[in-house]
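K.L.:
Put together the whole structure using the sequences plus the hints.
Protein chains: 2
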Amino acid sequence: MQRIPILQMGRTLLVTIQVDLQDQTALALQDDLANKIQTSAATGVLIDISAMEIVDSFIGRMLASISGIAKVLGATTVVVGMQPAVAITLVELGLSLDGVRTALNVERGLQLLKASDEEQFHDVDLD
Amino acid sequence: MQRIPILQMGRTLLVTIQVDLQDQTALALQDDLANKIQTSAATGVLIDISAMEIVDSFIGRMLASISGIAKVLGATTVVVGMQPAVAITLVELGLSLDGVRTALNVERGLQLLKASDEEQFHDVDLD
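The listed protein sequences correspond, in order, to chains A and B.
The first sequence begins at 1 in our numbering and counts up one residue at a time.
The second sequence begins at 128 in our numbering and counts up one residue at a time.
Relax, there's no trap hidden among the hints.
Under the rule of at most 20 angstroms between Cα atoms (straight-line distance), these lysine to aspartate or glutamate pairs were calculated in the EDC-like manner:
#: 1; chain 1: B; residue 1: Lys241; chain 2: A; residue 2: Glu107
#: 2; chain 1: B; residue 1: Lys163; chain 2: A; residue 2: Glu107
#: 3; chain 1: A; residue 1: Lys36; chain 2: B; residue 2: Glu234
#: 4; chain 1: A; residue 1: Lys71; chain 2: A; residue 2: Asp32
#: 5; chain 1: A; residue 1: Lys71; chain 2: A; residue 2: Glu118
#: 6; chain 1: A; residue 1: Lys114; chain 2: B; residue 2: Glu234
Between beta-carbon pairs, the in silico distance windows are:
#: 7; chain 1: A; residue 1: Arg108; chain 2: B; residue 2: Val146; range: 24 to 32 angstroms
#: 8; chain 1: B; residue 1: Val218; chain 2: A; residue 2: Ala28; range: 24 to 32 angstroms
#: 9; chain 1: A; residue 1: Ala85; chain 2: B; residue 2: Glu245; range: 34 to 42 angstroms
#: 10; chain 1: B; residue 1: Glu245; chain 2: A; residue 2: Gln2; range: 32 to 40 angstroms
#: 11; chain 1: B; residue 1: Thr166; chain 2: A; residue 2: Ala85; range: 19 to 27 angstroms
#: 12; chain 1: A; residue 1: Gly10; chain 2: B; residue 2: Gly226; range: 23 to 31 angstroms
#: 13; chain 1: B; residue 1: Ala214; chain 2: A; residue 2: Glu53; range: 30 to 38 angstroms
#: 14; chain 1: B; residue 1: Ala212; chain 2: A; residue 2: Gln24; range: 16 to 24 angstroms
Selected chain B positions facing chain A (Cβ under 8 angstroms, derived; list incomplete):
#: 15; residue: Arg130
#: 16; residue: Ile131
#: 17; residue: Leu134
#: 18; residue: Gln135
#: 19; residue: Met136
#: 20; residue: Thr143
#: 21; residue: Val146
#: 22; residue: Asp175
#: 23; residue: Ser177
#: 24; residue: Ala178
#: 25; residue: Val233
#: 26; residue: Glu234
#: 27; residue: Leu237
By construction, these hints were calculated from the structure, which means they are not laboratory data.
Glycine residues also receive a C-beta, built at the ideal position from the N, C-alpha and C atoms.
P.N.:
Below, the structure written as structure tokens:
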């Protein structure tokens, strides 16, 4: 079975999805990411889907699920690189990717993660 | 035909190779990278091969070729994430990846690119 590699850059994990996600690969990715967040103490997860030409409800649920798992482990997830055609199809299908943050590209995603990191630390300061 | 996405992070381009590289995909990657280096004025290219379980002479030549193309366009290439078994096989086969710089993982690769960037600017200062 194919496993999707998870790259660590500082406190951010980067995943590039290039293959058509099958159930098993998607489940393995969830497992691997959860483990990697724990071992690396990452606070951000970037998922690049620029190579994906179709995002259906299965993949939408998977992205929401990864985002939820990362959240309880203390990491923010941002999905980046969505193709315009995919965005159009998503809206037409009525899929809203609830609970999933998105950004145009990796650079903006990193900015978003940095901002959300500072926000959290700011919250801690107020306590 | 599958295209491998190229992610831009500042002046560095990141490529994660996850699929078995066929001739066409490899050629397309060379083309895409050359174009992207030009349009983005990138000074570094990171190629992550942590998902590859086999690196044969074809892939070795392709990595060397990408590295050469990037060099004439002013960018340094670092191949990162090689699995230990792949390194062992490469040496046993007598493939030395001539002209290809390598690093253990993405973070070390970024450090290497940063160091080589500073070196180049230092050279310019001396002129």
